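Student: Here the protein sequences line up with chains P and V, keeping their order. Under numbering that gives the first Met the number 0, the letters of the first sequence match residues 0 to 326, in that order. Under numbering that gives the first Met the number 0, the letters of the second sequence match residues 0 to 95, in that order.
Calculated from the structure, these hints are not laboratory results. Everything numeric in this text was worked out from a predicted model, so none of it was measured. Built from N, CA and C at the ideal position, the CB exists for glycine as well. Any given hint could be a false lead.
[To be verified] Okay, the calculated bits of chain V under chain P, using three or more residues with CB under 8 angstroms as the criterion:
id: 1; region: 7-16
id: 2; region: 49-55
id: 3; region: 82-90
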Amino acid sequence: MDATLIIHTLDLLLALGLVVLAWSLLASRDLFRAVVQFIVFGLLLALVWGRLNAPDVALTEAAIGAGLTGALLLTALSRLGSDGGDAACRYTLRELASTPQVLAVVLLALAVAGWVAFVALGTSPGAGLYHSVHERLSHSGVSHPVTAVLLNFRAYDTLLEVAVLAAAVIGVWSLGRMPLITPLHPPGEVLRLLITLLIPLAVLVAGYLLWAGGHGPGGAFQGGAVLAAAGVLWVLAGGRRISHRHEWQTRVMLILGPEVFCLVAMGMVAFGRHVLEYGSARAGAWILLIEGAALLSIGAILTSLFSGGGPIIDLPKWRVRGYRQRP
Amino acid sequence: MTSSLYLFTGFALFGIGLAATIMVGHWVRKILALNVMGSGVFLVMIALGYRGPGLAADPVLQALVLTGIVVSVCTTALGLWLVTRLRDSADEGSSA
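Using the sequences and the accompanying hints, generate a full structural model.
Tutor: Okay, structure coming up:
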């Protein structure tokens with residue numbers, strides 16, 4: 000068989016798999032099943048990113064879209080119960096659409112209309128800003144175009160994004176004390192061994208991804224996601240207790256990324272440049288400094304979002320369902 | 000062909016997600032639907048940035064989608080904690 004034919008068949012299967020999974024996870028009556036399907040959906044999506052030659056997105060999707068979001072959803076389900084904490088509202092997409100076929104046809108029509116609109120508007124695939132980025136890549140301080148866009152050309156967006164991440168943690172903490180995730184059992188031998196092996200390895204990989212971002216796929220976000228995976232593992236093994244004792248260190252880690260980013264951005268004004276204009280000579284070093292701080296913060300922020308609750312130790316008259324209260 | 004196929008898939012995912020976000024009342028399912036909708040948007044963007052076999056996708060769109068994925072995990076986390084809080088407030092209300 001022809002190689003292109005095989006590739007097209009695989010494309011078709013991937014696309015079909017995504018649509019079918021999306022539909023069935025939203026139509027599924029069993030919430031646990033829906034979440035598992037969502038994790039598979041994320042992994043398929045990571046394959047698609049790889050197929051479309053977007054390795055940076057694939058790395059992030061595999062770590063965050065499938066991994067971390069899956070962990071978040073599963074722990075949320077264990078907190079909320081199998082009905083997702085909303086027993087009164089059982090409806091799924093299937094039960095709501097009295098005639099699912101009609102809904103499917105409407106959706107299909109919408110998709111066709113959107114696709115035609117894009118083609119009619121002349122936004123032909125591949126036009127983009129690719130050439131503009133490549134012309135100026137040598138002035139950016141890094142040789143990987145995605146990192147150049149994230150940390151130099153559109154650094155303003157990334158600065159605001161890091162601020163949004165920190166704001167999300169403040170949002171979660173402002174909800175008051177939450178049932179902290181404490182393991183029901185002390186970690187067994189296997190988990191203990193895994194943790195002593197995996198966490199240092201994850202830190203190493205995160206550091207490597209940070210460095211690799213200068214010249215290839217990788218960077219602070221991908222590295223931060225790996226760091227967060229280590230953090231989640233640590234929380235699940237009961238490491239949260241240690242992080243409590245070092246409460247101010249947690250806070251410093253959370254705010255370090257936005258802080259350093261802001262300082263560098265404003266500091267450039269002191270050199271007679273514009274905000275976030277690094278100048279071509281030292282740009283690489285500034286980007287590495289910002290990324291290093293952002294890496295730590297993203298890891299800490301995503302871990303905090305997972306464990307929730309805020310760094311307050313005294314727990315609750317509060318009802319903690321399904322979790323052992325701490326003495 | 001490849002780009003068009005994934006562009007179309009992106010629109011389909013967005014449609015399914017949008018329909019479910021509006022129609023489904025259940026909180027956790029709404030969050031799942033939002034994520035599916037977001038994935039659809041990301042897919043449209045990366046499909047537009049596809050430049051053919053062996054060529055890296057448009058870096059600007061890759062950077063935007065990367066940012067989007069990280070932000071969407073944050074909104075998911077915040078949403079899930081909000082649901083937890085809502086559930087517990089509802090429980091307190093009914094037991095009092």
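Student: With a Cβ-Cβ cutoff of 8 angstroms, does the region 7-16 of chain V contain at least three residues near chain P?
Tutor: holds (count 9)
Student: Test coverage of the region 49-55 of chain V by chain P using CB-CB distances below 8 angstroms; three residues minimum.
Tutor: Answer holds; 7 residues pass the 8 angstroms Cβ test.
Student: Is the coverage entry for the region 82-90 of chain V by chain P consistent with the three-residue Cβ rule at 8 angstroms?
Tutor: Since three or more residues must qualify, the claim that chain P covers the region 82-90 of chain V holds, with 7 doing so at under 8 angstroms.
Violated hints are absent here; each numbered hint is respected by the structure.
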